[in-house]
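**Student:** In case you want the letters, here they are:
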Amino acid sequence: MSESAKPHHPSPQVKGEKTHASDFSYVGIDAILEQMRRKAMKQGFELNIMVVGQSGLGKSTLMNTLFKSKVSRKSVQPNPEERIPKTIEIKSISHDIEEKGVRMKLTVIDTPGFGDHINNENCWQPIMKFINDQYEAYLQEEININRKKRIPDSRVHCCIYFIPPTGHCLRPLDVEFMRRLSKVVNIVPVIAKADTLTLEERDFFKQTIREELRANGIDVYPQKEFDEDADDRMINDKIREMIPFAVVGSDQEYQVNGKRILGRKTKWGTIEVENIGHCEFAYLRDLLIRTHMQNIKDITGSIHYETYRVRRLNESNAHFKSQPSDQPAVQPKANGQPEVKPSAPQANGVAAKHEVMSHEM
Amino acid sequence: MSSNIRYKSRIPVKTGEETAEEKQYVGFATLPNQVHRKSVKKGFDFTLMVAGESGMGKSTLVNSLFLTDLYKERKLLNAEERINQTVEIIKHTVDIEEKGVKLKLTIVDTPGFGDAVNNNECWKPITDYIDQQFEQYFRDESGLNRKNIQDNRVHCCLYFIPPFGHGLRPVDVEFMKALHEKVNIIPLIAKADCLTPNEIKKLKDRIREEIDKFGIKVYQFPECDSDEDEEFKQLDKELKECTPFAVIGSNTVVEARGQRVRGRLYPWGIVEVENQSHCDFVKLRNMLIRSHMHDLKDVTCDVHYENYRAQCIQEMTSKLAQDNRMESPIPILPLSTPDVETEKLIKLKDEELKRMQEMLNKMQQQMHDKEQ
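Protein sequences, first through last, are from chains A and Y.
For the first sequence, the positions run 1 to 361 when the UniProt record's numbering is used.
For the second sequence, the positions run 1 to 372 when the UniProt record's numbering is used.
Hint data in this document are derived by calculation from the structure and do not stem from the laboratory.
Wrong hints could be hidden among the right ones.
Stretch by stretch, here's where chain Y covers chain A in the computed footprint (C-beta under 8 Å, at least three residues) [unchecked claim]:
1) 46-59
2) 93-106
3) 112-118
4) 160-167
5) 171-177
6) 260-266
The calculated label-pair distances, taken between Cβ atoms and stated as ranges, are [stated by the list, open to error]:
7) Y:K213 x A:Q125: 40 to 46 Å
8) A:I261 x Y:K217: 43 to 49 Å
9) A:Q125 x Y:I289: 46 to 52 Å
10) A:R240 x Y:D302: 58 to 64 Å
11) A:D229 x Y:K91: 56 to 62 Å
Glycine included, each C-beta is placed from N, C-alpha and C at the ideal position.
Just need the whole structure built from these sequences, with the hints factored in.
**Tutor:** Written as structure tokens, this is what we have:
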């Protein structure tokens, strides 16, 4: 391909550069990238992030810091009372934010009550149920005969799990939760309130956590098995050396060296949130937003969701086969339970109310 | 004390003149001194319990408080091992001597508290332990040989509240309610270096509110006598307003402002443990060791132990009444269990060994002097 003056690199061509195209061999295939970009900008993006962790670990503050706006549940409630709810609640708040012409519908899903009680057994169940419900809703839309052009995506793309900075190791609750949920959603573990650990303590803690995740077979994002090629693997390996990120969140600004920065001011110094010498917030932000956001969504869509879908269809097929009927091909029934329950698939192919299956991992 | 000086000055030389005042002088004002001298010889003992989730900095704080290293041999469990862990009670004893005063310090540690997924009644082993110590003391007190009663009762319990929450969590409330009538509870805010001054203030207010709301009886500092000087009263007032203490512990020495201090080195600054504007460690240390240690022991003996004893006797008499037997309300309890006996023997032998060691050292020193 020595004729074409431009090598095959994926950067989008700006309109102005089309004047180059007086080259004979330039076809213009790469202009499709620009078209895609324009379309995507018109459509806007969706991102659903779930935050899980004990109360007081700074989840809402971190969300506000990540997106530089008040997107958390606490900022939306008029009178936030900080009490621990009796059962775990799932609270989902959506915001439309915009930057440089790119629109995003950001949904933050909060889970107050997780891990706060004396007996925390099965506290992960409401969360798993919620995630599966979102997959189910998407599945129902997908198998509709008259589908919407763009199915609203409420699937949880990423779950940020907050580990309290004890400095020793993971707690049994952390292990139990991550073991179960890493199979249905992308988990990004972070060390919360990391300003309580010195650098050596932080490194030791991270190493211990990584070992324990390995020992328990917990695959957090970025998962090794989903690396597409060597380039990917290299980049992701670097990230894997650094997780879990030790983060500090803040939505207050202070003046440091003539600049206004986000931080926390104490009697012995000011912690700068975006300074990578102080904490790893910048790495987390880059991972989640600047470099891997699309990858996270892809993995959710093409792997986690597909796993769910395959399982559901298999279950309903099995149930279907045990009951001869003259319904048209794959019309997944409402439930995949082995026992026979009344279901009423309607003519337009949408199965009636569905119940959630309980599948323990 | 002026009376002391007068007493001393009377011993060597008897002068002819005696003022009218001195004629009235009896001399029992020296009793506090005599008690002082006797207790210094005997030595003091103090039992401190530390409770809280793992990773709250309990061991570091204990080491910082007493400038020792009690946890050299500790092995921390990983998450897998912790899944099946139950709450244990581990005792560390250390003898500390300072300016001739000996202190036998016992730290009762409670690893495993609050770490499991299901923490129902995780405080039960702790309340059982405290009750056991009371029971043993009760038996000793009612026994026949009361010369060398060993006091293993827990004098104080430091409870570490995590700084990450918004106040007391359910497990904190339940723990303190189960223990507030058995032991002096001093709640602390652990790892206070992750909070800004505003956050500390809010958290302290919140915790004090919740302690009132739930009716938890934490250790109250005794009121100052009205004849104490103003400075003391001011200090006392500050102390009371500062609870619960927000503490930071450290065993590492760092260089700050040209001095070597104990602290924690961060990229954004250095936290000094003994700097009063950084945390309340100094206040806690002063309160626990320098001013209120004796009061803690008194309250344990006078209030908590007496409560236990009264309860115990009541149960016994009601049982006896049921059995229709006429016995005195203080029956002679059966002799202590063999374990306690052996422990006492070991302690006696230990002391003998120490005395012999001291004599040996003295003799060696004398021989060494003679050689020179």
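**Student:** Against the structure shown, which of the earlier numbered hints fail to hold, in ascending order?
**Tutor:** Per hint list: 2, 7 violated.
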